[in-house]
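Asks: Quick mapping for you: the protein sequence lines, in order, are chains A and B.
Counting from 1, one number per residue, gives the positions in the first sequence under full-length UniProt numbering.
Counting from 1, one number per residue, gives the positions in the second sequence under full-length UniProt numbering.
Hints in this document: simulated from the structure, not taken from any laboratory.
Check before you lean on any hint, since a few could be wrong.
As the list claims (entries may be wrong) - Capping the alpha-carbon separation at 20 Å, the derived lysine-lysine pairs in PhoX-like fashion look like this:
1) A/Lys89 <-> B/Lys86
2) A/Lys203 <-> B/Lys159
3) B/Lys89 <-> A/Lys51
Treat the numbers as computed from the prediction; the structure is a model and nothing was measured.
Number of protein chains: 2
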Amino acid sequence: MSYTDKFFPEEPSAPKIVTDSIPGPKGQNAIKSLNEVFDARCVYFLADYRKSIGNYIVDADGNTLLDCYAQIASIPLGYNNPELIKVAKSDEMVSAIVNRAALGNFTGVEFENIQRSLLKYAPKGQKYVWNALSGADANELAFKAVFFNYQSTKRGFEKPFSAEEEQSCMENQAPGNPELAILSFGRAFHGRLFASGSVTRSKPVHKMDMPSFKWPKAEFPSYKYPLEANEEFNKKEDERCLSIVEEYFKTWHCPIAGVIVEPIQSEGGDNHASAVFFQGLRDITLKYGAKLIIDEVQTGCGATGIMWEHERYNITPPPDLVTFSKKMQSAGYFFNDQKLIPNMPYRQFNTWCGDEKLVMLAAAICKEIQEKNLLTSIKETGDFLYQKLEDLQKQYPDFLKNLRGKGKACFIAFDMPSSEKRTEFLNKMRISGVNIGGCAEVGVRLRPTLVFEKKHAQILVDILQKVLATL
Amino acid sequence: MSYTDKFFPEEPSAPKIVTDSIPGPKGQNAIKSLNEVFDARCVYFLADYRKSIGNYIVDADGNTLLDCYAQIASIPLGYNNPELIKVAKSDEMVSAIVNRAALGNFTGVEFENIQRSLLKYAPKGQKYVWNALSGADANELAFKAVFFNYQSTKRGFEKPFSAEEEQSCMENQAPGNPELAILSFGRAFHGRLFASGSVTRSKPVHKMDMPSFKWPKAEFPSYKYPLEANEEFNKKEDERCLSIVEEYFKTWHCPIAGVIVEPIQSEGGDNHASAVFFQGLRDITLKYGAKLIIDEVQTGCGATGIMWEHERYNITPPPDLVTFSKKMQSAGYFFNDQKLIPNMPYRQFNTWCGDEKLVMLAAAICKEIQEKNLLTSIKETGDFLYQKLEDLQKQYPDFLKNLRGKGKACFIAFDMPSSEKRTEFLNKMRISGVNIGGCAEVGVRLRPTLVFEKKHAQILVDILQKVLATL
Chain A
1 MSYTDKFFPE
11 EPSAPKIVTD
21 SIPGPKGQNA
31 IKSLNEVFDA
41 RCVYFLADYR
51 KSIGNYIVDA
61 DGNTLLDCYA
71 QIASIPLGYN
81 NPELIKVAKS
91 DEMVSAIVNR
101 AALGNFTGVE
111 FENIQRSLLK
121 YAPKGQKYVW
131 NALSGADANE
141 LAFKAVFFNY
151 QSTKRGFEKP
161 FSAEEEQSCM
171 ENQAPGNPEL
181 AILSFGRAFH
191 GRLFASGSVT
201 RSKPVHKMDM
211 PSFKWPKAEF
221 PSYKYPLEAN
231 EEFNKKEDER
241 CLSIVEEYFK
251 TWHCPIAGVI
261 VEPIQSEGGD
271 NHASAVFFQG
281 LRDITLKYGA
291 KLIIDEVQTG
301 CGATGIMWEH
311 ERYNITPPPD
321 LVTFSKKMQS
331 AGYFFNDQKL
341 IPNMPYRQFN
351 TWCGDEKLVM
361 LAAAICKEIQ
371 EKNLLTSIKE
381 TGDFLYQKLE
391 DLQKQYPDFL
401 KNLRGKGKAC
411 FIAFDMPSSE
421 KRTEFLNKMR
431 ISGVNIGGCA
441 EVGVRLRPTL
451 VFEKKHAQIL
461 VDILQKVLAT
471 L
Chain B
1 MSYTDKFFPE
11 EPSAPKIVTD
21 SIPGPKGQNA
31 IKSLNEVFDA
41 RCVYFLADYR
51 KSIGNYIVDA
61 DGNTLLDCYA
71 QIASIPLGYN
81 NPELIKVAKS
91 DEMVSAIVNR
101 AALGNFTGVE
111 FENIQRSLLK
121 YAPKGQKYVW
131 NALSGADANE
141 LAFKAVFFNY
151 QSTKRGFEKP
161 FSAEEEQSCM
171 ENQAPGNPEL
181 AILSFGRAFH
191 GRLFASGSVT
201 RSKPVHKMDM
211 PSFKWPKAEF
221 PSYKYPLEAN
231 EEFNKKEDER
241 CLSIVEEYFK
251 TWHCPIAGVI
261 VEPIQSEGGD
271 NHASAVFFQG
281 LRDITLKYGA
291 KLIIDEVQTG
301 CGATGIMWEH
311 ERYNITPPPD
321 LVTFSKKMQS
331 AGYFFNDQKL
341 IPNMPYRQFN
351 TWCGDEKLVM
361 LAAAICKEIQ
371 EKNLLTSIKE
381 TGDFLYQKLE
391 DLQKQYPDFL
401 KNLRGKGKAC
411 FIAFDMPSSE
421 KRTEFLNKMR
431 ISGVNIGGCA
441 EVGVRLRPTL
451 VFEKKHAQIL
461 VDILQKVLAT
471 L
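Next up, chain A with everything else stripped away, as it sits in the complex (with noise of 0.2 Å):
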């Protein structure tokens, strides 16, 4: 019996579209009214979660969708997961939401064992996390402690602040705040507040107008698809790439304490690298004297069969600290080296310290992957995927192109001849009731939950072959 068989019996078996376009006119009307009270121009449609289950998604107008796209790649157990439904109505859940403490003054009592029932999931070689509230604000949190370890490091720990930084850091000047750089990689995305919006590159529109931090941008490889067909130029690429990293730390105008990569570029393209090229930025890192941070925000939580798409990579020694979010609902950055806890307190510090109900719901998650051998069947769900978007590719290789995640459950993607092309597919995809998101200009990424098995891809299967065909 799957997954979802037991769980969630009451599934829908395929999709049921009762409207003539997606939002119908009930939704239209709804987004109309909602626009008065929050920007709704982003809103695909509106969605009914309380009738969502599983793996369907329920809109406004009735209409039920096969979701390949899961909240931006942020519902780990489908809609209305019951395991999830008990853990939100536990005593724990409720007092977490009426109590919430600041974590960091007045921990309570329970809190040691949801942290430990956390760290159980941590990717190899990580032993401690720091709780965030965002992607974006685990990020920038990562960055406080690298920069935090760059400066303690060179000052030395056990000396105090001199009076020319305290006074310095107060008019926002060096030597108290100094100058440091993260650096990032084209087409990569990290956030998009200030230090993180810095190292988004993606596209302009998450970082026009905004003042940013002048850090450097490397280039992250460009491969040729298929892998195998192409393995003598995609190692020049890792080496050319590489090369870059390695020049911007020898010639950057001030030091570069941290290196930030996502183990596949999500919104950037779902864009590879090899365990080569990871470990080359590993040995970079090292040699110069910089941490490694994995963004794993989006890639995390299993989404690729693995619990951590790094772990993949074998990059040794580990990196120095993993960022998460998404999927896992908590956010926050896992970290190995007790040198990264700041050497004074209160310097990674604020109200809350994270917030408790979500490292609960985490650990929850974490432990339903685990017992319920969810990375089995999700790459099992994804090999049998892959298989038959291969099949798909060779009939129309026009619109199916560079096919990539390969191995990486269903953490796939494609790409459309043309920016036109992919809205149409999207749009044709969500009326013949499967949605799907795009990222960067042409690509089309498959996100959908852990437990998507064959029955639901086969079903994406068909209707991709429906609509491929009217492209």
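Dock chain B against chain A, hints included.
Replies: Same frame as chain A, now just chain B:
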């Protein structure tokens, strides 16, 4: 029948201390163990939230303390408030927990009503809200709105980005990433991320070793107390501080797009300012085409006996943006001008665009404050308490200095003669059964819940009297 009599019939009638120190032996051991998985250096004591009730917090050793700090000013209606427990247990809340929406793309059908119920409690003159996850996040998103507006005004709202802007912003360079500033004030606190950290000026520990934006720091008035006896001096202080602000607008090396200010600087020492000062800021921002952001993170949601502290000053026209968090549990910024909605979609955007469960909670908190007239009762408590504190100030003029917050409910503070005495005082208060927090170097701030009543105030005063006698 008072609110606590009605809703917290089991609230203790007095603190009860059962160990010789706080934390006691059990708490100390638990903190040591917690520290293995969480930076517990700032933990005052471990709390047993499920046993805490109303204004009383219970610790791991079974000590029961009257809580005048309330999770760094963040618990609005007392521990385990039954009206909030109803909300926490509702089907809507359970769904929001297990089906967390990417609100900007797939808004739930129920969300419009939730958003409207929050907007009922917006400050006068504010029509819209954008949701965030913390005070720092709210302030930074407000900055983004201000910067977008500033550049769109310059460029023309209908005009697309130029090729040069698009290319340069991807390199973190002007003109796409322009030099623009937010002006803040000495002793201000607005958060600890990178842009919010750049406007925070309360203590070096909040800013040290972080790269920062080179933004200007004006001076916040330092009044002499009691206010009635120092009108002439304080008036000149307003003028002096306003002229510094205007000078920055005339001379700063880049445009100042916004000014951020707290109605009462809280973390920075409970520093108050006059209606004249705030109107002066409004006038200057209007004169120079900048936006005025009021940070109500700590002062808002009724803490000062009025829903939003800045409304007391009748700033005309009202401020452009008002940020909130803490007692609201949800965070975000209110605003009025539609032009603060970015001219293009996806500019102010992120995966979750807030957290529906927290918006739901915020609306419920505001509703409860209004329906149960909690602003009236907290003002009465504050007036009663202030008078008692004035008496104590006369009795202990060396230890209870610069009493401030008259007429502002229980948002009251005073100063100790030194940082050491302050620490001694806070520790002695705690072991005597009252949990209080400090602010700035020598300040003591009272931040009880909104259901703090005369009977609680009397207990606080009695214990204060006892402890002051021992200093």
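Asks: Now tell me, hint by hint, if it's right for this structure.
Replies: Results of checking the hints against the structure:
1. A/Lys89 <-> B/Lys86: Within the cut-off at roughly 12 Å; holds.
2. A/Lys203 <-> B/Lys159: Distance ~18 Å between A/Lys203 and B/Lys159 Cα, so the pair holds.
3. B/Lys89 <-> A/Lys51: Holds, at about 19 Å.
The earlier numbered hints are all upheld by this structure, with none contradicted.
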